[in-house]
Amino acid sequence: MADKQYITIKGVKDGLVFLLDDRCEFSALLDELRYKLENTHQQLLSGPLVHVQVKLGNRRVNEDEKERLRAVIRQQGNLLVQSIESEHPAEMAAGRLALKVMTAIVRSGQTVEHEGDLLLLGDVNPGGALRCTGNIYVLGALRGMAHAGCDGDEKAVIAASLLRPTQLRIAGVISRPPEEWISGDAAMEYAFLQDGVMKVDKTTQLHRLRKESVFFKGV
Amino acid sequence: MGEAIVVTSGKGGVGKTTTSANLGTALALLGKKVCMVDTDIGLRNLDVVMGLENRIIYDLVDVAQGRCRLQQALVKDKRFDELYMLPAAQTKDKHDVTPEQVKDMVMELKKDHDYVIIDCPAGIEQGFRNAVAGADRAIIVTTPENAAVRDADRVIGLLEQSQLPSKLIINRIRANMVKSGEMLDVEDICNILAIDLLGIVPDDEKVIKSANAGEPTVMNPSSRAAIAYRNIARRILGDMVPLMPLEEKSGVFSRFRKFLGIG
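Protein sequences appear in the order of chains X and R. The first sequence begins at 1 in full-length UniProt numbering and counts up by one. The second sequence begins at 1 in full-length UniProt numbering and counts up by one.
This is chain X alone, in the form it adopts within the complex:
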């Protein structure tokens, strides 16, 4: 194996962090990863379930390459990949890592556009619009228009403290809030797509839709 080290493995409180070099060939990374997991770090890596965070530095990888990284790490039965993160600016913008937090009242005639997820602290008034490639979360009243997943992401959702929109759009689906949407109670709600049809439910139900693996501490 090469004398150069491309991969640094660090132990942190809740698992391991794999720091991958961002200038070498991707194949070299995979080779070294395989070598380390199978040979040098054998003892360290055996035992109970360990969460792994993979940090790519400035490297950009596509979904295929991410999957290959996961496959290598998964071969070691007790390792669970929690996240693969890149610090590349384009990756940050495109990925869900980029949650933009904004404090504003979006008034009539104003539009907020963003690549990624948006968290708005404030209201969207009738005539105002939010347009995002990712999810939209509004801590306030959504009375205007919101378009989540505007590049075609049908998994995007729109959540608001008070969901009273003039119109909602997710990916290519446009919906006007029918009467039954207006629940009248103060619960926070979100809109999502189910089989190409827009539905609205209480935000407390959102985790059932997402089915994200959540790692709680102290259990």
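These are computed hints drawn from the structure, not numbers from a lab. Any given hint could be a false lead.
Unchecked claim - Derived lysine to any residue pairs resembling SDA-like cross-links, with alpha carbons at most 25 Å apart: (1) K10(X) / K66(X); (2) K167(R) / A141(X); (3) K11(R) / P126(X).
For clarity, every value in this text was computed on a predicted model and none was experimentally measured.
For this one, chain X is given, so just place chain R on it according to the hints.
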């Protein structure tokens, strides 16, 4: 050095000119030196409402184009010595003056007057830009209708971008319709627009009557709208005046007084 206040709304017909005329008169009534500026070039109305139409010699466009001095164009009110009006031209249009020219005039007027009240035309184009150019703060007039609130919201957004602080007047409220839920109430409007409330003005037939007579309502103390305008004028001066109850019997609207704490 006085203060310039622009009265604007976005939507037409909500009572910008009536509000300008009455606030200008009410401030003069309180002993302030006031000049009202009509920037609605081509559709001037302020002179009609004030009953000064027949006294106009020069106008705002004449001043802008150097045909006369600013002092020559000012029309003195027939009721107050310290109340003046700079009329708009009726024959030209909004593009005949620039925001810079209006700003210079307002700066000039601020030197000699405690308050310069600028009556803004409807819309958000050139006329609006002219009107807000020299203003230190803005009064947004709206009525309890969705369309008016929508336009007010648009204008507030534009004013926020030019960092002009604005306060709200809700005009032409009808107590019986609010009560029956057919009209937006004050709280609904304040929730949407999220700016400080300067005052509410009840719908009053006397306003129309007196506007036609060329006599601002505020001169008639038996009119409820007049009392509302006088209260607003006092709030502009910094006094704490509670919101008037919409109906004669008080109590229901005392909760709206909290808006005044901010306002």
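Hints, one by one, checked against the model:
no.	hint	verdict
1	K10(X) / K66(X)	20 Å, holds
2	K167(R) / A141(X)	21 Å, holds
3	K11(R) / P126(X)	15 Å, holds
Going down the numbered hints, you'll see the structure goes against none, and every one checks out.
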